[in-house]
Every structure is written in C-alpha cells, then in structure tokens.
Amino acid sequence: GAGVSQSPSNKVTEKGKDVELRCDPISGHTALYWYRQSLGQGLEFLIYFQGNSAPDKSGLPSDRFSAERTGGSVSTLTIQRTQQEDSAVYLCASSLGLLSSYEQYFGPGTRLTVT
Amino acid sequence: DAKTTQPPSMDCAEGRAANLPCNHSTISGNEYVYWYRQIHSQGPQYIIHGLKNNETNEMASLIITEDRKSSTLILPHATLRDTAVYYCIVSLNAGGTSYGKLTFGQGTILTVHP
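Protein sequence lines, in the order shown, are assigned to chains A and B. Here our numbering is used: position 111 in the first sequence is 112, and no number is missing along the way. Here our numbering is used: position 68 in the second sequence is 60, and no number is missing along the way.
Don't read these hints as lab results, they were simulated from the structure. There could be a bad hint or two in this list.
[As the list claims (entries may be wrong)] Computed beta-carbon distance windows for the label pairs:
1. A:ASN53 <-> B:HIS105: 28 to 36 Å
2. A:GLN85 <-> B:ILE101: 25 to 33 Å
3. A:THR14 <-> B:THR57: 27 to 35 Å
4. B:LYS44 <-> A:GLU45: 37 to 45 Å
5. A:LEU97 <-> B:ILE55: 42 to 50 Å
6. B:THR103 <-> A:GLN42: 18 to 26 Å
7. B:GLU58 <-> A:ARG82: 19 to 27 Å
[Stated by the list, open to error] Derived, one-sided and incomplete: chain B residues facing chain A with beta-carbon distance under 10 Å:
8. PRO0
9. MET2
10. CYS4
11. ARG8
12. SER33
13. GLN34
14. GLY35
15. PRO36
16. GLN37
17. HIS41
18. ASN45
19. TYR79
20. THR95
21. GLY97
Just so you know, even glycine gets a beta-carbon here, dropped at the ideal spot from N, CA and C.
Next comes chain A alone, as it looks inside the complex (with noise of 0.2 Å):
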C-alpha cells in the first residue's frame, strides 16, 4: 500500500516568508510525528499527535511553529517569518499508534531552504 507522502519534495523560501509542509500518513495510523534534520544533524523530534488528543509540542523549537491534523489524517507544519536555522529537511512518519513498539513509518521528507 501506500506508504507515508510529504508535499512539496523541496521548498526554498525568502528569509521572513511563511511556509506549509503537508504529510499524508498511511491510512488507519492513528499516531504522527514530525521531526526535522538539519545539515550534519541527528533528527529531532518537533511534535506528535495521537488520535483525539492533545499534541505534544514539546519539541517545537519557537512560537513560529505550529502544526495541526484535521480529521485525523493530513497534518500541516507551519513555519511563520522563517529564519536561515529553519533550514532543514522535516520528516513526518506515522505509526498505528503511540507505543514505541509501533514501527514508526516515514516519508521522503521536505527540504527547507531559507535564503
């Protein structure tokens, strides 16, 4: 079937611009993640949902990012005024639920670059 897709492959954005990162996860995962790997860097985890509840934003790193999930399957990351350190590739994955033990599946991500 099909597997985790993100939307576009590659973004490059003016220093200051907003921008949106679709992911679609695979359909019936419950769970999804976003994370982001910057250059020589390991990912990090910026935010999850699971199902109905509450996201756990922990890992946003400013108020300039926000992240939602409508009717429980697409979720979109926004990054409002984006800075250079915004760049990166951000990953999505999507698992059946939110135990570990759940293989976490991911998309090809979405470089960002900010000029």
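We have chain A; now place chain B onto it with these hints.
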C-alpha cells in the same frame, strides 16, 4: 530516555556479517532498544527492537547483553544496499511523556564495500 553511544563509522565487506555495537549503560528496566537506519536522502526505516531477549526478523538480529547495558545489531549477509546510517535508540514503550518520541543520536555510518 537513556543515552546511547555508537561508533561513528564502520566498514564491512559485501556478503559478510555486519555487527554494529551500541552502549546504553543507563538503560532502565522498562526501556526498549530500537534500531532504525537511514539510507542517503531517504527517511529512516525501522529495523528491529527488543527489551531483554534476543530478537530476529527478516532484516536483522538484535543481541542484548544480560545486564542490558549494551546491544549488537547483526546484518547477517551485508549487501551494498545496506550502506546507511544506523541509529540505536532507547525509549519507553508506554507511559511517561517520552513514549512514542524517538531520540536519534549521531548513529553509525556503515559502509559496505565490494
């Protein structure tokens, strides 16, 4: 979550077994060991996980020491396509504020050569 330590890089000849070590000396009793890998320009891929017992699946085997302070991921017959960054992660399976969140370190760059 407990911190893990992995060698930054390893080499392996194609067809031979690749043994990737991971130290997690501060692991607690209810934390699992997970392995993911990331092939260049792709998202991470789950490999295997375990708590106390050794585990095997179609991709790899996971050997966890009796004291659970270290583990080894074994790729029995490495191929060129196994060249990737391998991440050892320790995480709670349920409960607490960290479950479900994977904390990735720097991992081990495994290079499989002909």
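Using the nearest Cβ pair, does ASN45 (chain B) come within less than 10 Å of chain A? Because about 14 Å separates ASN45 (chain B) from the closest Cβ in chain A, which is outside the 10 Å limit, the hint is violated.
Given a cut of 10 Å on the nearest C-beta pair, is the interface hint for GLY35 (chain B) held or broken against chain A? holds, 3 Å
Status of the hint placing THR95 (chain B) at chain A (closest C-beta pair under 10 Å): Constraint on THR95 (chain B) satisfied, holds at 7 Å.
Classify the hint on PRO0 (chain B) as holds or violated, based on whether any CB of chain A lies nearer than 10 Å to its CB. Because about 12 Å separates PRO0 (chain B) from the closest Cβ in chain A, which is outside the 10 Å limit, the hint is violated.
Verify the interface restraint on PRO36 (chain B): the C-beta must sit less than 10 Å from at least one C-beta of chain A. holds, 5 Å
With a cut-off of 10 Å on the beta carbons, see whether CYS4 (chain B) makes it to chain A. Given a least distance of 22 Å, the restraint on CYS4 (chain B) is violated.
Could you check if SER33 (chain B) really has its C-beta closer than 10 Å to a C-beta on chain A? holds, 8 Å
Mind checking the CB of HIS41 (chain B) against every CB in chain A and telling me if the closest is under 10 Å? Because about 6 Å separates HIS41 (chain B) from the closest Cβ in chain A, which is inside the 10 Å limit, the hint holds.
Please test the hint of 27 to 35 Å on the beta carbon pair from THR14 (chain A) and THR57 (chain B). violated, 48 Å
Between LYS44 (chain B) and GLU45 (chain A), does the C-beta distance stay in 37 to 45 Å? Because 29 Å falls outside the window, the suggested range is violated.
Restraint: GLN37 (chain B) near chain A, CB-CB cut 10 Å. Satisfied or not? Hint holds; GLN37 (chain B) Cβ to chain A Cβ min 7 Å, cut 10 Å.
Cβ separation of ASN53 (chain A) and HIS105 (chain B), checked against the hinted range 28 to 36 Å: violated, 50 Å
Of the numbered hints stated above, those contradicted by the structure are hints 1, 3, 4, 5, 7, 8, 9, 10, 11 and 18, listed in ascending order.
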